[in-house]
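Asker: Okay, here's what each chain looks like letter by letter:
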Amino acid sequence: MTSIVRTATPEKPRAKRSGLSLPQTFTIAWRAILANPMRSVLTALGVIIGVGAVVALTSLGGGATGSITSSLSDLGTNLLTVSSGGGRNAGPPGLVRTGVKQTITMGDVEAIAAIAGIEGIAPTMQKSLQSKFASENSGVTVVGTTPEYETVRNSPVETGAWFTESDMLGRKRVAIIGYQVGQDLFGNASPLEQKIKLGNQNFTIIGVMPDKGASGFSSPNSQVFIPLSTYQQRITSELSATGEQTVNSVSVQGSSKEGLTEVQTKITELLAQRHKIEDANEYDFSVQNQADLLKSLNQITAILQVFLGGVAGISLLVGGIGIMNIMLVSVTERTKEIGIRKALGAKPKDILTQFLVEAIVLSVGGGFLGILSGLSLAYGVGSLLNITPIVTASSIVLAFSFSAVVGVFFGYYPASRAAKLDPVDSLRYE
Amino acid sequence: MTILRLSDISKTYKMGDLDFQALKGVNLEIDAGEMVALMGPSGSGKTTLMQIIGLLDRASSGSYWLRGRDITTLSENERSEARNSEIGFVFQAFHLLSRQSILENVEVPLMYAGFTAKERRERAFAMLEKVGLADKWRNLPTQISGGQKQRVAVARALTMTPAILLADEPTGNLDSRTSIEIMALFQELNDEGTTVIIVTHEPDIGDHCKRVVRLRDGLNESDRLNPNQHRAIAVGMNAPNASAALRGAAL
Ligand SMILES: Nc1ncnc2c1ncn2[C@@H]1O[C@H](COP(=O)(O)OP(=O)(O)O)[C@@H](O)[C@H]1O
Ligand SMILES: [Mg+2]
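Protein chains in written order, with this note's numbering: chain A, 1 to 430; chain B, 1 to 251.
Sample of chain A residues with no beta-carbon within 12 Å of chain B, all distances over it, derived:
id : residue
1  : A113
2  : A114
3  : L192
4  : T242
5  : L294
6  : L304
7  : G309
8  : S315
9  : L317
10 : G365
Dumping the calculated DMTMM-like pairs for lysine to aspartate or glutamate here, alpha-carbon to alpha-carbon at most 25 Å:
id : chain 1 : residue 1 : chain 2 : residue 2
11 : B       : K14       : A       : D425
12 : A       : K420      : B       : D70
13 : A       : K336      : B       : E169
14 : A       : K12       : B       : E104
15 : A       : K16       : B       : E76
16 : A       : K16       : B       : E78
17 : A       : K420      : B       : E76
18 : A       : K349      : B       : E76
FYI, nobody ran anything at the bench for these hints, they're computed from the structure. Virtual Cβ for every residue (Gly too), placed ideally from N, Cα, C.
Let's have the full structure, built from the sequences with the hints guiding it.
Answerer: Below, the structure is given as structure tokens:
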């Protein structure tokens, strides 16, 4: 036996660094996730939906606010809007309000026009109708108004001309069409002098508005302007309790910015007197200026943001609990693997990071998928509603970091359970 | 040179308010290069002792010196490090990581030791060559036979060049022909200088070791040298090991 040729005791290998490196931990975690892709996606679903909803809602909300704000400033300068219904019912001009009794009469309009400090006044009525030319159709908002609308609402035509006082007096059937209406009905051909149908009435096009950009729910590009008198005769009219013609709203341009509040007060007093209402809470009309509108818009935005924050918080909580739940199951299922790894030299810290990194990869991966689905949702819904979503880098970064925090927070408990497992018990686990 | 010294080791398992003393003061001293069979009837405490030697578990009392170092005072992290570098485990149920390839399984101890990917790959591949499974390196554990799994486990146990190779019933799940192959592998490794401790209740496996330590009811029963250690001759083994085994047998 002594003559056996013995090889020298093999050299002990020496590592340059000690312990598991982070990239290796990532590889282990990634493979555990890929081992069961369906389950991993379902685990991260809470985070995916939460982050997706927040990204979609913030970018759509931002887009809508942006478009409303920009259309408000496009409306004209020093603008006041008088409309039917109490202050609480009043919304931004351009939004069709239903269910509000029309209370502003033509007599009111004339009385307002007589107030000092007013540069111009444009009463409007509006209605959604179908427009037709040959075989082409386009859904439009027909607006009946006066020639002063051009200056009061800062709306010059691009080609042709606005209708005139004599068109008003003659109740002419002439129309100025928005950019999109022209595109829909005539393509690249000139719409001027063409006859279109609004509802069942024929109108001659005398002007075309410039492209005002797609902005929100009621695009100015889909408007068609006709003389108010023609509107009341041919489209629709509504009489007040006293039998007078009414209008939906009145745009009033003040001569100066400084005098605007005073004009607003005067109009309010005048209408209160004319409508014989003393209690301000009972007013059946409202007088708003742009500043008010912007203020209430900002209030809505602020409420929306608090609401979104709540949605984000709750959905990330739910998503985090989902991850913690599955990670706990996963630790139990992989008890034997943990035992084997410990027998081979894994430290508690190595096992802890392995499961923690797995939870983080799941939730950050969920956050990534959530951002992708949120963005597609925002652009999908945005194109339907004609809103360009505004995606800020900060919201993306926030979504990412939140999902990472969720991963750390909810992954820590299962991971520390795994790290504390006894190697003997784990190896015996079936 | 003494590689391992256990003195008066006892182990009490607590099950609720019931205590069970599995080891009642075991003494054992093993020199470098030995090949020891740890035998005894079922329930005599072999696995318990093995887990204490392998630092998977702590003795309730007694002292344990490994390569001259007092093990009882080690922290949890130091025990992990010692398991990683001083101990190589081979289990009855193989205990390979089922999702990892064979090569990756052999790499695991190297990974926890902090070797780079390239170093791991080279070293693990060399180990697979040693056990004659280099051509299977891509396979998953489910794609190879029981005997081959046990060889992978041996390769994995050896990859850090441990002080002791600990095998608990390594042939328990194998047929007799494959068992002999695995014993041939252990003998070859022992010939190369590796200290091997094999827990077994099969007399035939004990006959293949130089020394047989017997336990009964948690106490030493006997400790004998085997005057005529059987040499395992593996039939149909892969080239390098087969030749080594045959060389050993011929002498
Ligand atoms: N974790 C444990 N808890 C309680 N009793 C145990 C535990 N492990 C082993 N035992 C008991 O200790 C004794 C020795 O077990 P073990 O060391 O596995 O024996 P062997 O490997 O020699 O068959 C047995 O009676 C067994 O039931
Ligand atoms: Mg046993």
